[in-house]
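> Chain by chain, the residues run as shown.
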Amino acid sequence: MTRDDLRSAVIDALLSVAPEADPARLKPDVSLRDQLDLDSMDLLNFIIALHRALQVDIPEADYRRLMALDGCVTYLEEKLGSTPAGGGR
Amino acid sequence: MTPAALPPPARLADDDVHIWCLRQDHPIDPQALAVCEALLSPGERARRDRFVFPRHQRQFLLAHALVRATLSHYTGVAPARWTFAENQYGRPEPATPDVALPIRFNLSHTDGLIACAVTLGRDIGVDVEDVTRQAAGLDIAERYFAPAEVADLARVPEADRARTFFDYWTLKEAYIKARGMGLALPLRAFAFRLAPGAPPAIAFTPELDDDPATWQFRLLRPTATHRLALAVRDSPVRPVRIALDWADPALFARYHR
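Here the protein sequences come in this chain order: E and Z.
The opening position of the first sequence corresponds to residue 1 in the numbering used here, with each subsequent residue numbered one higher.
The opening position of the second sequence corresponds to residue 90 in the numbering used here, with each subsequent residue numbered one higher.
The hints are simulated quantities; they were obtained by calculation from the structure and are not laboratory data.
Be aware that a few hints might be false.
Chain E regions said to be covered by chain Z (calculated; three or more residues, Cβ under 8 Å) [stated by the list, open to error]:
(1) 2 to 15
(2) 44 to 56
(3) 68 to 75
Below, computed lysine to any residue pairings styled on SDA-like, alpha-carbon distance capped at 20 Å [said to hold, decoys possible]:
(4) E:Lys27 x Z:Ala313
(5) E:Lys27 x Z:Ala135
(6) E:Lys27 x Z:Gln146
(7) E:Lys27 x Z:Pro143
Note that the structure is predicted; figures quoted are calculated from it, not measured.
Ideal Cβ placement from N, Cα and C applies to all residues, glycine included.
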């Protein structure tokens, strides 16, 4: 999965919790909480949406890395990049 | 014009927890909003301006003006003097030097309601939610709540399930906020037990090094559609005295210097 694919999956997950957000207007390096007022419930629903789309399990200790768009994509790149070739999760 | 003196500080006793609520969906006088704006620090104004939607900017403005006015209400410290230090999880605490009272606070907001709880010294967490919110809450419960909580939700009649979910959710949020760690604490590692007529009780798995006998919890209904949960680290042997009041932004001008 390319970085662009991951970004697109992240934006889909974000729109599932903040449907009125315009991804083009979001600053990629600023916390989504600080731009869209996402709260803990939104964050957990965002993580559930990422899990459904990418079959990725994200431990609580890593939640802070998901706060901004760029950081989230980089985290998922690292996380999914560690999957053995051809292997499922 | 020489500014008048701040009003004399209100009393906050050792065993008091005061909660100030504000309806941000009610009309607010433009002059009161201008005062709120003046109470914020430049850093807070910059944070406010990062929100994409005006309603979130307004909510942030009111919430942070409420914090400053509330802290000043009990201490006589001018609102502009408040500075805050965040722990590694982002929880802010008052950091203004030379404040005689060890005042601590916690802030929460949801659609229609902002709440700021204050007390002296002890750990405190508050959470408010709009119980009409559409948030796929039961999905969250199944994935993140403790097994005993999920089982209880399954037993509740369907018509009451969403409201019971918000009872659990606000309590769990209030606890992780009082611990100052937010979602870095696993939500399934502690379980609330709700029984009619008794305060909510908590149990911990060994994963969390914590003692139920050091906590007090309350569930309140500040409006017909809002739930408020409070977590206070203090032995239930000596119950804290809880007061809930409504803040009026028009009165914040008393603290504007």
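> Evaluate each hint against the coordinates.
Okay, the hints, checked on the actual structure:
1. A count of 0 residues in the segment 2 to 15 of chain E with a Cβ less than 8 Å from any Cβ of chain Z is obtained; the coverage claim is therefore unmet, three being the minimum.
2. Taking a C-beta to C-beta cut-off of 8 Å, the segment 44 to 56 of chain E contributes 3 residues in contact with chain Z, enough for the three needed, and the coverage statement holds.
3. By the rule of at least three residues with a Cβ nearer than 8 Å to a Cβ of chain Z, the coverage given for the segment 68 to 75 of chain E is violated, with 0 such residues.
4. For the suggested pair Lys27 of chain E and Ala313 of chain Z, the alpha carbons sit about 37 Å apart, so the restraint of at most 20 Å is broken.
5. Among the hinted pairs, Lys27 of chain E with Ala135 of chain Z is consistent with the structure: their alpha-carbon atoms are about 15 Å apart, no more than 20 Å.
6. With a CA separation close to 16 Å, the supplied pair Lys27 of chain E and Gln146 of chain Z stays within the 20 Å bound.
7. Among the hinted pairs, Lys27 of chain E with Pro143 of chain Z is consistent with the structure: their alpha-carbon atoms are about 17 Å apart, no more than 20 Å.
In summary, the numbered hints that this structure violates are 1, 3 and 4.
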